[in-house]
Amino acid sequence: MTRTTPVHVVGEVLATKRAGAYRHLTIAAPGVPERFRAGNFVAISVGDGRLARRPLWIHRVKETGAYGPTLDVVVEPRGPGSTWLAELPVGAHVPVTGPLGRPFALPREPVSCVLVGEGYAAAPLFPLAARLRERGCPVSLVLAADDEAHLLSALEARRSARSVSVVTRDGSVGVRGDVAAQVDAVLERADADVVYAAGTTATLAAVAVAAERRGAWSQVALETPMACGTGLCQGCPVPVVAEDGVTRRVRACVDGPVIRGDRVHWDGLG
Amino acid sequence: MVASGCGGTGRELAPYVDLDGLDLVTRSITLDARAGGAAPRVAETPSGLVHAVGHQNPGLEHFLATELPWLVRAGVRVHVSVVGASIGEYAELARRLSRAPGVAGLEINLGSPDQAGEDLFEVREPYHAASVVAAVRREFPADRPVLAKLRPDLSRAVEGARAVHDAGASGVVLGDAVPAAMPDGRPGGLCGPAITPVALRCVREVTALLPDVEVVGAGGVDGPATARAFLAAGAVGVQVGAALLHDPTTVARVRAALADDLADDLADDLAGGPDDPERTL
Ligand SMILES: Cc1cc2nc3c(=O)[nH]c(=O)nc-3n(C[C@H](O)[C@H](O)[C@H](O)COP(=O)(O)OP(=O)(O)OC[C@H]3O[C@@H](n4cnc5c(N)ncnc54)[C@H](O)[C@@H]3O)c2cc1C
Ligand SMILES: Cc1cc2nc3c(=O)[nH]c(=O)nc-3n(C[C@H](O)[C@H](O)[C@H](O)COP(=O)(O)O)c2cc1C
Ligand code: FES
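Chain order of the listed sequences is A and B.
Under the numbering used here, the first residue of the first sequence carries the number 142, and numbering increases by one thereafter.
Under the numbering used here, the first residue of the second sequence carries the number 230, and numbering increases by one thereafter.
Derived from the structure by calculation, the hints contain no laboratory data.
Note that the structure is a prediction, hence the values are computed from the model and not measured.
The C-beta atom is built at its ideal place from N, Cα and C for all residues, glycine as well.
Check the hints yourself; a few may be wrong.
[As the list claims (entries may be wrong)] Stretch by stretch, here's where chain B covers chain A in the computed footprint (C-beta under 8 Å, at least three residues):
no., segment
1, 147-158
2, 182-191
3, 293-304
4, 361-369
Let the sequences and hints guide you as you build the complete structure.
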């Protein structure tokens, strides 16, 4: 859970790739990949006089390559900022700050881990799975999405996870349905000690509750709207319940975005 | 100078700025802790941000025990922004801060644009502002600056600046965010480049009509050019606010550029000035 010092650099887009509904960007951003831990994100500035930054999960890093250290992000174009990012051509320059936020906490022992990722938000779970495997943890990855186009590569996931299962809302691939409704069964099957989740708030809440029910640890990656991502503006409040039962508002960007699921006051969140 | 509410607790700026010697205005501190407003708190508009943070802060005691000592150790010149529910609260804040080691000065928040519905002293007339300033000045040592922060409202800026100056303010900050609405209608404050022309006009007007009043400019300072525009309008310094959310290195860049300008001026001065008629060798 240690925090590393972020850097603010001008990144260069080295490669772009369309994958289903998403755009993968490979960005040279010296200083960021070297400091990266799974669960960190970058804050990127977008153009057209837009001042709020766009936080994006770091999906992958390469510390060495022909172009030096690089990182990959997965963008789902929907609003103006993400569309702008998805249309960036190779060679474009974008201000990048990172790595930001508290990463996923790793278990000391080789315990059974379930990772639940929904849509593009599954991005940070891939490097997490690799780290957990290095530590000898059996990893079961559940990839969920509305449909096949919004599913992050299950093929790639199989490299770092012992088992990969797929759930889509429309049943276009994998099991049909809502992942939140299946969490209990998934945790049971994997005999999970720790569960990591990234996705919509509803899914994260379901995972946190399911984990608590069976006495497992949960770590959820929150996507609270953020204006700066760096802890400066207090624009990303998350109500958390401390050990003493008192609710406080912490900042998702610096006190999270990865937080113990049992600490989040879900009803008070957005 | 880092504008109030835009530098986190100060620590969050450390990766991007050399804190040693940096002037930083804290987020506005109240006597008791405040939880702040509901999310979303910051909305994007063309060339601007509307914020409705609602003065989330840990309260004076916690600030004095944890945040202030850290900032002082880091070498920050700490200007504490104070805001209260009554003149008595402002005075109490000033009294306790006057005894805290390492407080370089105060900035009086005279009614934030997002305060509606919050339990805060309402500054409607210049004499309200003057009463707050006088109460704070009485409790805070005369050799340390007390800045009064005003809204960049042209119809009120000059009389407001005159009133707080007469009440003992060392200078005024022009200005705060412009009262605006969040997308859902809640009150908020507009900041960023969108308000720069408005703030520049106020700075110009006040410095022209009240040459004795020192004005610190604020409103969309996002680089050396905007900072220089405020200085050209008569400001003695500038604050950088919302731009830090977009690029946390902004204050370092502005500081370096203005220091260079100063060094250039000094060099010109020592050389007799660039177009000094006496300059014959
Ligand atoms: C920690 C974190 C990691 C993220 N990682 C990714 C990622 O890897 N890939 C990706 O495509 N997006 C990611 N997002 C969301 C992303 O930052 C943008 O908010 C999103 O792309 C929408 O921005 P926009 O300008 O396109 O649209 P906007 O016009 O801002 O919004 C479009 C829609 O997105 C919602 N929205 C706005 N801001 C946020 C926000 N900060 N978080 C969640 N929803 C928001 C709005 O309510 C609206 O429905 C992440 C957000 C957070 C907080
Ligand atoms: C997120 C945010 C929080 C702010 N909080 C405060 C505050 O607590 N007290 C205050 O006096 N001004 C506060 N302000 C106003 C700024 O200090 C500044 O006066 C204003 O935003 C105009 O400058 P700018 O355009 O450079 O941001 C805040 C501004 C923003 C964007
Ligand atoms: S987004 Fe600004 S403090 Fe978290």
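Hint by hint, here is what the structure shows:
no.	hint	verdict
1	147-158	holds (count 3)
2	182-191	holds (count 3)
3	293-304	violated (count 0)
4	361-369	holds (count 4)
When each numbered hint is compared with the structure, a violation occurs for hint 3 only.
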